[in-house]
Structures are given as structure tokens and as C-alpha cells.
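Protein chains in written order, with our numbering: chain A, 1 to 334; chain B, 335 to 622.
Don't read these hints as lab results, they were simulated from the structure.
A portion of the hints provided could be inaccurate.
Partial chain B-side listing against chain A, Cβ under 8 angstroms, derived [said to hold, decoys possible]: (1) 424; (2) 430; (3) 437; (4) 439; (5) 442; (6) 445; (7) 446; (8) 598; (9) 604; (10) 607; (11) 612.
Predicted, not measured: the structure shown is a model, and the values here were computed from it.
Beta carbons are placed, not taken as given, at the ideal position from N, Cα and C, and that holds for glycine.
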Amino acid sequence: MRTLTEKTLPGIYFLAFFLLFSVLPLFLNQAILYMLGLALIFVVYCVSWDIVAGYTGQTNLGHTVFIGIGAYTTALLSTSRIPHPDMPVFVTVFLGGVVATLFGLVIGAICLRLKGYYLALVTAILPLIFIQLANIYSGIFGGYEGFSIPFSKALPGGVVGNYYIALLFTFTCLLIMYAIVNSSIGVKLRAVRDDEELAEAVGIDVVKYKLLAFCVSAFFAGIAGALSVHYKLTVGVDSFSIPLMLEIILGVIAGGLGTFYGGAVGGFAIYVARNWVFIQLASYVNTLLPFHISDEMLLYALLIVLIVLSPQGLVTRLVESIKKTRNSKNENRA
Amino acid sequence: MLAEILVLGSIIGGIWALVASGFSLVFGVARILNFAHGTYFALGAYFALVAYGAFSRIMPPETALIISALLSCLIVGIVSVAVYIFTIKPVRAYEVMVILVTLAVALLIKEILLSIFSDVSISIEPFISGCVYIAGVPVTYTRILAFAIAISVILAMDLFINRTRLGKEILAVSQDSEAAMLVGIDVERVFLVVMFLSAVLAAVAGILYAQIYAVNPMTALRVLIYAFAIVILGGLGSVRGSVIAAFIIGYMQVAVSTLFASEWAEVVAMLAIIAILVVRPQGLMGVE
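Isolated chain A, as found in the complex:
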């Protein structure tokens, strides 16, 4: 009986959240709906990062490379900046994911040899290379500011249509990723994370599974980044940027590393906080203070406080304490 509920429960949650999000357009105005659609896409960034960082234990600080590659791939294929055949939007978005996966394979291969600090250093540097290249070849990539894509390449259906596309997209991605991390592949990834040598000893091909994690992570980040371009109609180096990486990390950490739901819930909460609550808060605080406070400052301050108070993730801590009290109750009963 218990296994049945454990198996069906996530499905019920998925369905409940999906239904909740699908009725939201009835109540919310367009500006908030637009932001929520981007928040849903952001959730895919977070969960896909969690596959490498949380499930496989590789400190990848360069996840935005995949997002940016996906974004620029579809953006370049939607404009006439480089010669190419005309393709429908969903094909270029998919190609964004494919190109990101190729980079995931290469970056994963580089990172195979690196551990701990060196891995963090190298992956932190990778997005900066792309930002610099985008600036050097500004004729193609539009420099720091990026470029816009034509309106004909927008997602159909206006703000509400865009929102539903983002919703469908995000829940499809989440379902696939959920299936992956809860299959035997997910178990092997966690084995690699917990003890690489032991995993090798019991016959898990560590190299293969690390690369697989990077590729899966890169693919979903790539298509999500690509979709966001058609959602926003612009692309710029901010899709590679360190602040975006930090927001992703903040989302996953706030929710709990390697827990799946943590990345999804935490990522959504952080995006909404960052792009709505903090902006409101900053404009309110600025009326009281003589100096200017930006919403970024509030974000970074929150990040510092969160990490200092609870380095292992707030929700993880909460769940653990709940489990602990439940266990002690059970023991008392026994």
C-alpha cells in the first residue's frame, strides 16, 4: 500500500500544480502572467542544473553556457545574421537543445578530469569566455546588448498563449527529467555522487554516467534558454551571466540540492521574488532611504543570509527536521 502511494503521490502533485497553473490566467493580469511564464522556464534551468550538481555531485558553475548556447542558436536561426534555411520555431528551439548538448558533451569531457575546487573554477570561467566572444564578434552576436528576433518568430497566442506554451513546456520537461532521475540512471548518478570509487567498483561506468548527466542537463537548459528567446523576442549575454547562474543556484539551494522538487519550487519562488517582489520592495525602500538600493542588492543580500543561516538548503533542513520528529514519535510509539 505504502509503495503505491509513494509512486502515485508525485503524479498527483504534478497534476495538482499543473491544474493550479492552468487556471491562473483567469485571475492574473498580463504583466504578472508574462513574468510567471518566464518563471516557469526558469524552473527548467534550475532542475536541469540540479541533475549535474545535486544528483551527480559535480559543482558546475557554468550552467548558463548551455542556456546561452541554446538561446543564441535559436536566435541566430531566426534572423538573417548567418546564412541558413528557414525553419519553424519549434525546430530551432530543439536545435538549440541539440547544440547545447554537444557543448555539454565537450564540457563534461573536460570536467571529467577535474575535481572539487578546480572543477568549480573552470566551470565558473566558461560563461565568461562566451560573453567575451559575443562582444568580440559583435557583428554576429550583437555585443553585450544582444539583438532582437523578428516578431514573426514569436510564440503564438499573445501573453496568455505564451504562458500556456511555457507551462506545457516546463511540465513536459519536468516529467521527463523526473522519469530520468528516478530511473536506474538516477540511482547510478547518485552512486557516482556519493562515492565515485565505490560506484566504479560495483560496475558503474562513471565516465559514461557523468557525461550523460552533463548531456541531459545541457539539453534541457538549452531548449529552455531557446524557448525564452521566442518568449522575450530578444537575446543577450545576460543569458550567460554570472548573476543568472547565481539565481539558479540560489533557487536550487533554497529548495534543496538533489531533491528535484527543491529545484522546481525554489527556482519558481526565487524568480518571482527576484522579478516582482524585490523590485516592488526596492522601489518602496528607495522612497525611505537617501541612497539608491537596487533589487540586485536585495537578492545578493538574501543569498548571503540564506547560505550563512542554512548552508545545506532551507527546505532540506525543514524536511530533515520533520523526518526527525516523525521518527522520534515512531520510536516513542514502539
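Based on these hints, arrange chain B on the given structure of chain A.
Same frame as chain A, but now just chain B:
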């Protein structure tokens, strides 16, 4: 061309050596990868600028400049110790969190600098003016002085670490912090000293850099890239390795800037890091 690369590369190499030796010292002693290190570089320049603006009204400019430079180094050192106590120390057991929290500190300070000074580059009044030709390359006295100061500060630090008692405690902790604790060394105090020292070195570098070139709020992250490149080349935790590597990166930076364009210097530095690590995952002269 070659003379230019050698002369100008040595000067920028000296400044990078200041930055990277502090970064490496902190990692070697406390195993902290301090992403806020580049921030101390920028803060050094900004504090000196503000202090100079205030002091130059009440005293002769030369004295004001020296006092504000020294004061700035002191303040940056204190900021670094405060950042360590309030943000790094509580999470030191989680290596990834140390990276994230220091990165967040760096970005927070960058935002604060942006909101106060906006997105313009600043320079600091040089200590001396004038120019001399070395091997046909015009070199300002400021640059020569910067080189001299950088070298003397690094030599002084080397002496401090290898000759004084506190320095030997630092060495002991870097070799084995638990054993150091067992023989009665106050490890926590050593960490504080190292955080202070590394930030002061970065601040000195920032002030010298702002006299030759210019500093803006984004500099903090750019400097960090060079610091990464240098410590990876020299090996994380090896201070002498980083000093040598700093000069290599300095020459490379000037060479790339003169042969191609200055935008490429960072790309080449970053690609060099990755190339080195792919071949030797522990850095060229690195310790495990």
C-alpha cells in the same frame, strides 16, 4: 615589440603577483576559494580615491595620496576580516557554499559601488610623474614605481612568512591545520591574519593599477579571472608558484594585447586555464 612586451608585461605581472599571491595564500592556508578577492582590488582603488578627495583639501597632495593609500589598505583589510567572520566562517565546512557566498559578496559590493560611483572608470593621481625610455619603450615613472612597490611588498611578505613566528604559524597551518592546532597554534587567528594580509595585497595592487590604468565596478570580476588563471598555472595554494605564474600571465596579456586586441587577452587567459587543467588537473606547479 619584444622589448615592449617584456617591459610592460613585467609591470602588469608585478601587480598580478600581488593579487594572486594573496588569493593563493588564503587557499593554501584556509582552503578557502575566495571569489570576493577581486572585490578587494577594486575596493582598494575606490577607498583610496574617496580618502584622497577628502585629505587633499587639508594637506599637500603628496602626503594626502600616501596617507589615503595606506588608509585604504587598512580599511580593505578590515572589510575582508569582517566578510570572513560574518559570511565565510559559518559555512567553511561546505566548500561549494564558500564559493557561492563569496561570489554573492562580490556581486553585492559591485552593485553598491555601481549605485554610488555609477558605471564610469576612475583613476588615482600617480605618486610621481615623468617618463623614461627603457630599451626604446617609453615607461612612466609611475609604472616603474608600481613595479618596485609590487616587488618589495612581495619580498616583504615572503620574509614575513618565512622568518617571523606568526609567518611560521601560517606555514604550519597551510601544511596541516589539525597538526598545527595540536601544537597549540591558534588556527582561527592565523586565518584572520591571512584574510587581512591577502586583502591588503589586493588593495595595494588595486591602487597601483588605478594609477596606471583605470578601475570600475566591473573590474572586480575581471581581476578574478586573471587571479584564477594565475593560481591555476602556479598551482592552488603555492604562493611562489603564483608569483612566477603572475609574470607569465602578465607577459602573455601584453603580448596578446599588442599582437591582436586587448579584448582577446582575457579569452586567451581563460582558454589557457582550461588547456592547462585538461593536461594537468592539479595545475602546473600545483599541490594536491
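Results for each hint:
The criterion of a C-beta within 8 angstroms of any C-beta in chain A is met by residue 424 (chain B), whose closest approach is roughly 5 angstroms, and the hint holds. Checking residue 430 (chain B) against chain A by beta carbon gives a least distance of about 5 angstroms; that is within 8 angstroms, so the hint holds. Against a cut-off of 8 angstroms between C-beta atoms, the interface hint on residue 437 (chain B) holds, since the closest Cβ of chain A lies about 6 angstroms away. The beta carbon of residue 439 (chain B) is positioned within 8 angstroms of a beta carbon in chain A (closest approach about 6 angstroms), and the interface hint is therefore held.
The criterion of a C-beta within 8 angstroms of any C-beta in chain A is met by residue 442 (chain B), whose closest approach is roughly 4 angstroms, and the hint holds. With a least beta-carbon distance of about 5 angstroms to chain A, the hint placing residue 445 (chain B) at the interface is held under the 8 angstroms criterion. Because the closest C-beta pair between residue 446 (chain B) and chain A is about 7 angstroms apart, less than 8 angstroms, the hint holds. Using the Cβ-Cβ criterion of 8 angstroms, the hint placing residue 598 (chain B) at the interface with chain A is satisfied: the shortest such distance is roughly 7 angstroms.
The criterion of a C-beta within 8 angstroms of any C-beta in chain A is met by residue 604 (chain B), whose closest approach is roughly 5 angstroms, and the hint holds. With a least beta-carbon distance of about 6 angstroms to chain A, the hint placing residue 607 (chain B) at the interface is held under the 8 angstroms criterion. For residue 612 (chain B), the interface hint holds, since its Cβ comes within 8 angstroms of a Cβ in chain A; the closest pair sits about 6 angstroms apart.
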